[in-house]
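Q: Chains A and B supply the protein sequences, listed in that same order. Note that my numbering gives residue 87 to position 87 of the first sequence, counting from 1, and the numbers run on in steps of one. Note that my numbering gives residue 89 to position 89 of the second sequence, counting from 1, and the numbers run on in steps of one.
It should be emphasised that the hints constitute simulated quantities derived from the structure, not laboratory data. A couple of the hints might just be wrong.
Said to hold, decoys possible - Simulated DEER-style distance windows between Cβ atoms:
1. B:Pro77 to A:Ala84: 39 to 47 angstroms
2. A:Ala37 to B:Pro14: 37 to 45 angstroms
3. A:Tyr51 to B:His20: 26 to 34 angstroms
4. A:Gly52 to B:Asp81: 29 to 37 angstroms
5. A:Gly48 to B:Thr90: 19 to 27 angstroms
6. B:Val16 to A:Gly80: 19 to 27 angstroms
7. B:Ala46 to A:Leu81: 17 to 25 angstroms
8. A:Met47 to B:Glu33: 21 to 29 angstroms
Stated by the list, open to error - Sample of chain A residues lacking proximity to chain B, with all beta carbon distances greater than 12 angstroms (derived):
9. Met1
10. Gly48
11. Met56
12. Thr72
13. Val79
14. Val82
15. Asp83
16. Ala84
Glycine included, C-beta positions come from ideal geometry on N, C-alpha and C.
Given next are the chains, with one letter for each unit.
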Amino acid sequence: MFLARIEGTVVATAKHPTLDGCRFLVARRLEADGTAAVEPNVVVDWMGAAYGETVMVSTDGDIAREKLGNNTPARMVVVGLVDAVQQPAAGSAA
Amino acid sequence: MRLGMVRGHLTLTPAVASFHGRTLAIVEPVTMENLRAGNGQGGGKALIAVDELGAATGQMVAFTEGREASNPFWPTPVPVDAYLALIVDTADVRP
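Based on the sequences and whatever the hints tell you, model everything.
A: Written as structure tokens, this is what we have:
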């Protein structure tokens, strides 16, 4: 699982049939120092994540298979919206 | 899933039975910078993905990697590690 920032949406007419009706978002994985990954990911969202929001993404397809069937290629799913991250300031005693 | 630009297709002869009759696309992953620019460039390391959607060269797609890439063939086990799941009509990314 990792944190990601929502940076956009994806619209796709032609898709695997199990993905009909899914909401697809462009998400960028965040590092511990807050920098974002060079390559974006497309994630499935059932939580209603908004642009700019930080979310937690799971790369395990179990949730997707449960909702969309065993044949679904969906893998990255938004599993929660982050409202707070506790991280001591860099250099402080751990 | 990652986003990619389809750069071409390939055929295998011979190939293991799982790949008989499959369409294989060469996909170049797209970086955030190129996605924002909308310049049709990729920027990532190219890979091969199974294509059942009929994506054309130059189209943007989203592909699944890992174990989930073989789910569409469930319950048959296949050695597939990348699968085109979406042909992207529009990717709306804000600045």
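Q: When you take the CB atoms of Met47 of chain A and Glu33 of chain B, is the distance between them in 21 to 29 angstroms?
A: Given about 27 angstroms between the Cβ atoms, the range holds.
Q: Is Gly48 of chain A truly not at the interface, in the sense that its beta carbon sits beyond 12 angstroms from all beta carbons of chain B?
A: holds (17 angstroms)
Q: Holds or violated: is the Cβ of Ala84 of chain A farther than 12 angstroms from all Cβ atoms of chain B?
A: Its Cβ never comes within 12 angstroms of chain B, the nearest being 24 angstroms, so this holds.
Q: Does the Cβ pair Gly48 of chain A, Thr90 of chain B satisfy 19 to 27 angstroms?
A: holds (20 angstroms)
Q: Taking the minimum C-beta separation from Thr72 of chain A to chain B, is that value above 12 angstroms?
A: violated (6 angstroms)
Q: Run the C-beta distances from Val79 of chain A to all of chain B and say if the shortest one exceeds 12 angstroms.
A: holds (15 angstroms)
Q: If you check the beta carbons of Tyr51 of chain A and His20 of chain B, does the distance land in 26 to 34 angstroms?
A: Between Tyr51 of chain A and His20 of chain B, where Cβ atoms are some 44 angstroms apart, the hint is violated.
Q: Could you tell me whether the CB distance from Val16 of chain B to Gly80 of chain A stays inside 19 to 27 angstroms?
A: With Cβ atoms ~40 angstroms apart, the hint is violated.
Q: Do the Cβ positions of Pro77 of chain B and Ala84 of chain A conform to the proposed distance bound of 39 to 47 angstroms?
A: holds (43 angstroms)
Q: The hint says 17 to 25 angstroms between Ala46 of chain B and Leu81 of chain A; measuring C-beta to C-beta, is that right?
A: violated (34 angstroms)
Q: At 12 angstroms, judged by beta carbons, does Asp83 of chain A keep clear of chain B as stated?
A: holds (22 angstroms)
Q: Can you tell me whether the CB distance of Gly52 of chain A to Asp81 of chain B sits inside 29 to 37 angstroms?
A: holds (33 angstroms)
This entry does not satisfy hints 3, 6, 7 and 12, going by the numbered hints stated previously.
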